[in-house]
Amino acid sequence: MTYTPQTLDHSRRRFLIKTGWLAAGVTALTSCSGLIPVLPTTANPKDEDGSSWIQILADGRVRFLCPRMEMGQGATIGLSQIVAEELGVTQDQIECLAPDSDQLGPFKMTVGSEGIARFSGPVAMGAAGLREHFRQLAADKVLLPFDQIEDAAGGFTAAGNFIGYGELVPDQARIIGAEYRADVVPRFADRNGNSRAIGKSWKSPELKNIVTGQTIYSRDIAVPDMLYGDIVRPPRYGATLKEAINRGAETLPGVVSVVIDEANDLVAVVAKSPFVLADALEKIETTWQSSPDEIPDDILDVSLYRTRGDFEHSLMDEGSARSADKAAIAVTSANYTTSYMAHAAMEPRAAVAWVREEEVEIWCGCQDPYFVRGRVAALLKRDQKEVVVHPLRMGGGFGGRVLCQPAEEAAVLSARVGMPVRVQWDRETEFQHNYFQPKFSHAIDSGLDEAGHIAFWRHDFVSSPIIFGLVPSPFASILDAFVADEGTARGADMPYDVSEHKRVRYSDIRTGIPTGAWRGLGAAPNTFAIESTMDELAYSAGKDPLAFRLSQLENNGGNSKRLSEVLRRVGKMADWGKSVDKNLGLGVAAAVYKDQTFVAVVAEVRIDQQREQISVTSLWCAQDCGLVVNPDQVENQVLGNLIWGCGMALKEKLTFNEGAPGQLNFDSYEVLRHVEAPRTFIELVETPGAPPVAVGESAFAPAVAAIANAAFAATGKRPRQLPFDYDSLQIQ
Amino acid sequence: MIKLNGKQVPVSKDLYEISLLDFIRDQVLLKGTKYGCGQGLCGACTIHLDGIARRACQLNVADAVGHEVTTIEGLAGTSGETGSDDLHPVQKAWIAEAVPQCGYCQPGQIMTAAALLREKPQPDADQIRAGMNGNICRCGTYERIHRAVARAAREDQS
Ligand code: FES
Ligand code: FES
Chain A
-14 MTYTPQTLDH SRRRFLIKTG WLAAGVTALT SCSGLIPVLP TTANPKDEDG SSWIQILADG
46 RVRFLCPRME MGQGATIGLS QIVAEELGVT QDQIECLAPD SDQLGPFKMT VGSEGIARFS
106 GPVAMGAAGL REHFRQLAAD KVLLPFDQIE DAAGGFTAAG NFIGYGELVP DQARIIGAEY
166 RADVVPRFAD RNGNSRAIGK SWKSPELKNI VTGQTIYSRD IAVPDMLYGD IVRPPRYGAT
226 LKEAINRGAE TLPGVVSVVI DEANDLVAVV AKSPFVLADA LEKIETTWQS SPDEIPDDIL
286 DVSLYRTRGD FEHSLMDEGS ARSADKAAIA VTSANYTTSY MAHAAMEPRA AVAWVREEEV
346 EIWCGCQDPY FVRGRVAALL KRDQKEVVVH PLRMGGGFGG RVLCQPAEEA AVLSARVGMP
406 VRVQWDRETE FQHNYFQPKF SHAIDSGLDE AGHIAFWRHD FVSSPIIFGL VPSPFASILD
466 AFVADEGTAR GADMPYDVSE HKRVRYSDIR TGIPTGAWRG LGAAPNTFAI ESTMDELAYS
526 AGKDPLAFRL SQLENNGGNS KRLSEVLRRV GKMADWGKSV DKNLGLGVAA AVYKDQTFVA
586 VVAEVRIDQQ REQISVTSLW CAQDCGLVVN PDQVENQVLG NLIWGCGMAL KEKLTFNEGA
646 PGQLNFDSYE VLRHVEAPRT FIELVETPGA PPVAVGESAF APAVAAIANA AFAATGKRPR
706 QLPFDYDSLQ IQ
Chain B
36 MIKLNGKQVP VSKDLYEISL LDFIRDQVLL KGTKYGCGQG LCGACTIHLD GIARRACQLN
96 VADAVGHEVT TIEGLAGTSG ETGSDDLHPV QKAWIAEAVP QCGYCQPGQI MTAAALLREK
156 PQPDADQIRA GMNGNICRCG TYERIHRAVA RAAREDQS
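Sequence order for the protein chains is A and B.
Per my numbering, the very first residue in the first sequence carries number -14; after that it's consecutive.
Per my numbering, the very first residue in the second sequence carries number 36; after that it's consecutive.
Because the hints were derived from the structure by calculation, they are not lab data.
C-beta: ideal position from N, C-alpha, C; glycine also.
Keep in mind that the hints are not guaranteed to be accurate.
[As the list claims (entries may be wrong)] Derived Cβ-Cβ restraints for the label pairs, each shown as a range:
| id | chain 1 | residue 1 | chain 2 | residue 2 | range |
| --- | --- | --- | --- | --- | --- |
| 1 | B | Lys42 | A | Ala207 | 16 to 24 Å |
| 2 | B | Gln43 | A | Arg232 | 55 to 63 Å |
| 3 | B | Glu52 | A | Asp295 | 55 to 63 Å |
[What the hints assert, rightly or not] Straight-line C-alpha distance at most 27 Å; calculated DSSO-like pairs for lysine-lysine:
| id | chain 1 | residue 1 | chain 2 | residue 2 |
| --- | --- | --- | --- | --- |
| 4 | A | Lys193 | B | Lys42 |
| 5 | A | Lys636 | A | Lys702 |
| 6 | A | Lys546 | A | Lys579 |
| 7 | A | Lys311 | A | Lys528 |
| 8 | A | Lys579 | A | Lys563 |
| 9 | A | Lys257 | B | Lys155 |
| 10 | A | Lys193 | B | Lys38 |
| 11 | A | Lys257 | B | Lys48 |
| 12 | B | Lys155 | B | Lys38 |
| 13 | B | Lys48 | A | Lys268 |
| 14 | B | Lys155 | A | Lys193 |
| 15 | A | Lys567 | A | Lys546 |
| 16 | A | Lys579 | A | Lys636 |
So that you can see chain B by itself, here it is in the shape it has in the complex:
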């Protein structure tokens, strides 16, 4: 079993060796977690494994068995917030800053940002830059990503 976005998902043993990313996308059919490079280089596939940001393309299903996995679809449910559209504060900040262009990298960016803020609720500019550096945005929205992370931290504080 993998606890995926709060629900127990049974896993058959013959899928243990496939990548967690393929499993999430093509077995569970949750398509919000993206494939970008398959080599741990771009961050598009970022999920949380027991609350820590990990690259789903670099994990096997077996690595997640018995653990808790959160994907972008389940992120809002982890924030403990209800109401106001049930979005996670980071998702709200992303909308407020109108970050995305094509949007493809953004689920991964948001998952990385949410984990970063859990670890360091008030990151300074360098911590944001370093913390987000593993996630590529080919459209070049880095500055807006940075603003959105800072906004989420700010609004969390207030």
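The following block holds chain A by itself, in its conformation from the complex:
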């Protein structure tokens, strides 16, 4: 691409400020790109890790340094229940804390609904090891053999006498942890036992604080002598600072420092009061230079690649195309598109940083505190050991808070002024300056054989990198040459039987629009295309869509059985097959999330011909997510997924022009609102012996597809592009 420098003039800058367009670009602070990029924390937890997370305090209570960041998904509660199960304690005897980054070694970023799925095992091992350690202490104390020390609530009994954990903590110690022991057997593993905590609907210990406004989120942190900073961020992705002229920002009362550092693209104000920041920034005129020809997002069009047969990655290519084509009698071909989308968590991000000679402290909510630590250390050229991140509860995450950009901004400013500095993003900055769910463009060809089975399935799609979306540019091109982005492909391997030929190819293309993790990654876009096609096949064969799906799930083993089960269950729940009013339609869809969570959804959609509106009236969801540690939390997660699915199907869409998003607040980027929320019916199907698995983003993909299929049932028009509405379906 040719690079044509272009300047945005002063009046444009004014315009940008007036309309709130203050920001752009994820890596505004370019000094971050050292030789080796700082990467997110990705190592999976091991059983050994659990022992460092759990301790017993002198009063017999349990301290749990929870290795999952809380953003409403409830992982801290579920994992606390596992601790309680192992140690035989009650909820009020557990103090669950978000560990500072110097309290624990790095743990994996909180993503992918892995809180219970991956961490329950190590947590159980750690707690069980601690229990057995204390059993030994009890045995030593009462001079009885180890195996005569019996479990009791909050401790043990020995020869009929109760010994609480607290009595076993030596006088001089305040806290006791235990070494890892590989030989312990967690109770958690023995699911036939009578569980005290597992399977119970513990409520969040934070509830009372939330409803009284006492919970501390990133925006609520105040440290003594804190100053307030804000930055002029580039108005377009990739723009660099050409010139900044200060017209007296420092004269405003309370302004402590005006920072203009053109070499580092940094223009900022630090003040004693947050109220003066906007006025002070207005007094600095900035000119930005950028490449105007952002790659248009229509390059993400699968047809362009299909004609050239040009896909970077082949997810699978099984069987023979020729025999498949021979066998197929009914054939469907269609394209499906999903939009760029934003996380739009209710809390726009914020942070406080305090850079001192001996230590750097950061207060912020983020999905990966160790990534923040590493990035801040690199930015300030400090040792990672000198940086401590104090993590806070997040007001929503959804994949969008792996980074905490204001922490980096605040750190740079604090280093300059030598005082703690708070930086908080406004809603417009949150929309403009983060990364996004990429657009997806799909084409699927499929055909049925004479017996009505799927003979071939050829799915091609193009989108952008998701897991590697945030890798900075010099490394990205090297990486992209070798690695297929699994996040982009999540959910692209459809679960149904294919007799002759199954092929899935894709390309993950960088477009200059920052892309990264967003709830479920590729699962919903891929599931939408797959389950719409399944619907098309069913209709083309004149079969009932639910029965058709079941008939394609006969040969695939255990996964097929569990998926069939939730499909049957949801059919019962929704009374599938009943006749419905002519303005209503029912649609079904199913998916296996991350090869572990089996979900089926039925949607009922209503067409209001007078108002020319489509709404989702009911959603039924059956989910098999193995062992359910906390049914109420899981149901709340499923509810959130269903609502999110309505938003993706009917509302959410981000567009870009001139290298910046065209939607910067909830007036133009619409999310689902209360009156639009359907009735929901949720059932959890437990397969005996199945371990607990991901629930935070599993139900939403089939919800999206079920809504689209319901709209087809109601109107005869198939939504091929999301979001869709009455007009885009051209119902009249």
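Position chain B with the ligands against the provided structure of chain A, taking the given hints into account.
Frame of chain A, contents of chain B with the ligands only:
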């Protein structure tokens, strides 16, 4: 002066033009009232001005001078109830229904619900939906919010 959660708070004139939300959060340091959009679109900043639910981000400090402002921190004090943890009935209903996920929108939701119930003590389902529609919950807890409002109305009656 602004009467904030029952106490008179002096206000200097040079703060009259800032938003009431910024004033509450960064001057009075009551952090329970949340910023979500700054444009009157999400309801996270909902407070009561003389008992009516208002968006604090859409008011200036001057608008509140001489008036009574209640924030989530002061809500319990307006219910006239004592004992049982001193929570407002709406807050109790929120706990009973375990409404929150991330919780960030919930102070605003609760303030809207409390004002709605003061105006219409026994709202029907459509009135609840319409009354709560200005408050976004990105985590998607609408159904539980609805249940909690209905529960608060029910328990108020009994
Ligand atoms: S912050 Fe006031 S309505 Fe959103
Ligand atoms: S609970 Fe998270 S936004 Fe409502």
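- Task: Below or equal to 27 Å on CA atoms is what counts here, so check Lys579 of chain A against Lys636 of chain A.
- Result: Given pair Lys579 of chain A, Lys636 of chain A holds - Cα atoms ~26 Å apart, limit 27 Å.
- With a cut-off of 27 Å on the C-alpha distance, tell me whether Lys155 of chain B and Lys38 of chain B pass. holds (25 Å)
- Item | Pair hint outcome, Lys311 of chain A versus Lys528 of chain A [Cα-Cα no greater than 27 Å] | holds (22 Å)
- Is Lys155 of chain B close enough to Lys193 of chain A, meaning Cα to Cα at most 27 Å? holds (25 Å)
- Item | 27 Å Cα cutoff - pair Lys193 of chain A, Lys38 of chain B | Holds. Lys193 of chain A to Lys38 of chain B sits at ~25 Å (cutoff 27 Å).
- Query: Within a Cα-Cα threshold of 27 Å, do Lys579 of chain A and Lys563 of chain A meet the stated pairing?
  - Reply: violated (32 Å)
- Item | Hinted pair Lys546 of chain A and Lys579 of chain A, Cα distance within 27 Å | holds (16 Å)
- Between Lys567 of chain A and Lys546 of chain A, is the straight-line Cα distance small enough, at 27 Å or below? Roughly 34 Å separates the two Cα atoms, so the pair is violated.
- Consistency of beta-carbon spacing, Asp295 of chain A to Glu52 of chain B, with hint 55 to 63 Å: holds (58 Å)
- Query: Is Lys257 of chain A within 27 Å of Lys48 of chain B, Cα to Cα?
  - Reply: Within the cut-off at roughly 18 Å; holds.
- Query: Do the Cβ positions of Lys42 of chain B and Ala207 of chain A conform to the proposed distance bound of 16 to 24 Å?
  - Reply: At roughly 20 Å between Cβ atoms, Ala207 of chain A and Lys42 of chain B fall inside 16 to 24 Å, so the hint holds.
- Query: Does the structure keep Lys257 of chain A and Lys155 of chain B at a Cα separation of 27 Å or less?
  - Reply: violated (44 Å)
The earlier numbered hints that this structure contradicts are 2, 8, 9 and 15.
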